[in-house]
Structure formats: C-alpha cells, structure tokens
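Engineer: Residue strings, one per chain:
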Amino acid sequence: SQTIHQWPATLVQPVGSPLSLECTVEGTSNPNLYWYRQAAGRGLQLLFYSVGIGQISSEVPQNLSASRPQDRQFILSSKKLLLSDSGFYLCAWSENNEQFFGPGTRLTVL
Amino acid sequence: KQEVTQIPAALSVPEGENLVLNCSFTDSAIYNLQWFRQDPGKGLTSLLLIQSSQREQTSGRLNASLDKSSGRSTLYIAASQPGDSATYLCAGAINDYKLSFGAGTTVTVRA
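Residue numbers (the numbering used here), protein chains in the order written: chain B, 1 to 110; chain X, 1 to 111.
Honestly, the hints are just simulated from the structure, not real lab data.
Some clues are possibly wrong.
Facing chain B, a subset of chain X residues (Cβ under 7 Å, in silico) [stated by the list, open to error]:
(1) Glu17
(2) Tyr76
(3) Ile94
(4) Asn95
(5) Phe101
Across the chosen pairs, the derived CB separations fall in these ranges [unchecked claim]:
(6) B:Ala9 x X:Asn95: 29 to 35 Å
(7) X:Ile94 x B:Pro61: 30 to 36 Å
(8) B:His5 x X:Glu3: 31 to 37 Å
(9) B:Val60 x X:Ile7: 24 to 30 Å
(10) X:Ile94 x B:Gly16: 35 to 41 Å
(11) B:Gln13 x X:Asn18: 42 to 48 Å
(12) B:Leu11 x X:Asp27: 22 to 28 Å
(13) B:Ser67 x X:Asn22: 26 to 32 Å
(14) B:Ser77 x X:Gln81: 39 to 45 Å
(15) X:Ile7 x B:Arg106: 36 to 42 Å
(16) B:Pro61 x X:Asp27: 45 to 51 Å
Beta carbons are placed, not taken as given, at the ideal position from N, Cα and C, and that holds for glycine.
Could you build all of it, start to finish, from the sequences and the hints given here?
Structural biologist: Written out as structure tokens, the structure reads:
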C-alpha cells in the first residue's frame, strides 16, 4: 500500500532563516505531487505541483520554491522566511485523480 | 476558476442523528469532487471521490451526491457517532491536478 511521509512534524524558525520541508511517497511510481498551505481560518491553498522529476509548476507567486530531485521526493524550500509563511504545510500525491495527503508540517515563523 | 463554498461553517448534532453537509461550486464543468475529513492538527483523509460522470458514491455510513447542473454536492453521514467529530472539506477539481477547496464544516457529535 502507498504511504506518504512528511518531516519535520513541527518547526519553529526565526524570520529570515532558510526552510526545507521534505515529503516522500512509498508504494507508487511517477505520482503527481503537491504542496499545499493551510493558514489559520483559511482553506487549503495549492502552492506547487509536479508531474515528474524536475517538473515544477507554481500556482501563486511567493517566497517559496519547490524541487523534485527524485521520483517520490518533493521538497519545499525558502531562502529567507517571512512571518506570513507560518502555517500548516501539507504534501499530497494523486492516483486516478484522487488526492491523498500526508500528516503535515506545522511551521511557525517568529 | 472554481470557487467552492461550504455552509454552515460549524454544526453540532446529538449522537445517532444523520448528518447532512453541503458543498456548492461555481463551475459546472467540474472534473470531479472529493470529500475529505480533517482531525485537529492532522492531515486530510480522503473519504469519497465522485467523478463528473457519476451522481453519487457510497462507503459504509457515508454517501455523497453530485449535481453538476445545480453546482452542489452533499455528504450524508448516517447514524452519527462522537468519532465522526471533525472538519469535513469538499474540493472540486477543474482538471486532473488542481483542486479548489471549501473552508470546511466543523462537526461536533454530542454523546
């Protein structure tokens, strides 16, 4: 069966520091991968999606970037965090148009 | 652009009552619609996926309907239990990769 992992589970970072969140999927090959952010009191916002290694599409202009160095690995990064980057970051993969989510990373920028 | 609305934002029912959760969307050319459950501080769990060619899907006590002409989907949960307490999110797809999410309905089932 397929599983999706995200780490770390929680993170507290100062403004201006770099960020790297990792997501890996097991039990499937060549999945579509997604990064979402869920801010307090808001719905989920799609940040990036990827249909293959090295193929990244950005949905909104922002302070973040994404990379897919391996088939089942998706990384969310920032060079300098802003206060507004705080939120709950969710990675997802899809199969037959159904999306499945990871456990999420709670990021607090102070 | 697909906009998804869920009303009400919160709902409280006694145990055993049937739950009816509503979701509306603006673009009738919807690719599919997916219902999720989210527990506090956790990721989303997929409950049901309805393809655009389908009118409903069922899984155990859950049944979801899709009416593209009226732009509505409804999630029914029969005989609610305290363990059903969670936030329920619907999401409409406009293509095979992009979901537009509603803000969710937070359900409390009172024992």
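Engineer: For the hint on Glu17 (chain X), does the least C-beta distance to chain B fall short of 7 Å?
Structural biologist: Nearest chain B Cβ about 27 Å off; hint violated.
Engineer: Starting from the range 24 to 30 Å, see whether the pair Val60 (chain B) and Ile7 (chain X) falls in it by beta-carbon distance.
Structural biologist: holds, 26 Å
Engineer: The hint says 26 to 32 Å between Ser67 (chain B) and Asn22 (chain X); measuring C-beta to C-beta, is that right?
Structural biologist: violated, 39 Å
Engineer: For the pair Leu11 (chain B) and Asp27 (chain X), does the Cβ-Cβ distance stay inside 22 to 28 Å?
Structural biologist: Taking Cβ atoms as reference, Leu11 (chain B) and Asp27 (chain X) lie about 36 Å apart, which means the hint is violated.
Engineer: Between His5 (chain B) and Glu3 (chain X), does the beta-carbon spacing fit 31 to 37 Å?
Structural biologist: holds, 32 Å
Engineer: Lying within 39 to 45 Å: is that true of the beta-carbon distance Ser77 (chain B) to Gln81 (chain X)?
Structural biologist: Once the Cβ atoms are compared, 42 Å apart, the range 39 to 45 Å for Gln81 (chain X) and Ser77 (chain B) holds.
Engineer: Using the C-beta atoms of Gln13 (chain B) and Asn18 (chain X), is the stated range 42 to 48 Å upheld?
Structural biologist: Between Gln13 (chain B) and Asn18 (chain X), where Cβ atoms are some 45 Å apart, the hint holds.
Engineer: Verify the CB-CB distance for Ile7 (chain X) and Arg106 (chain B) against the hinted window 36 to 42 Å.
Structural biologist: This hint is violated: roughly 28 Å between Cβ atoms.
Engineer: Closer than 7 Å between Cβ atoms is the bar; does Phe101 (chain X) clear it against chain B? Give me holds or violated.
Structural biologist: holds, 4 Å
Engineer: For the pair Ala9 (chain B) and Asn95 (chain X), does the Cβ-Cβ distance stay inside 29 to 35 Å?
Structural biologist: Because 31 Å falls inside the window, the suggested range holds.
Engineer: Given the hint of 45 to 51 Å, is the C-beta distance from Pro61 (chain B) to Asp27 (chain X) inside that range or not?
Structural biologist: violated, 23 Å
Engineer: When the nearest CB of chain B is found for Asn95 (chain X), is that gap smaller than 7 Å?
Structural biologist: Violated - the Cβ of Asn95 (chain X) stays beyond 7 Å from chain B, reaching only about 9 Å at its closest.
In this structure, the earlier hints numbered 1, 2, 3, 4, 7, 12, 13, 15, 16 are contradicted, and the remaining ones agree with it.
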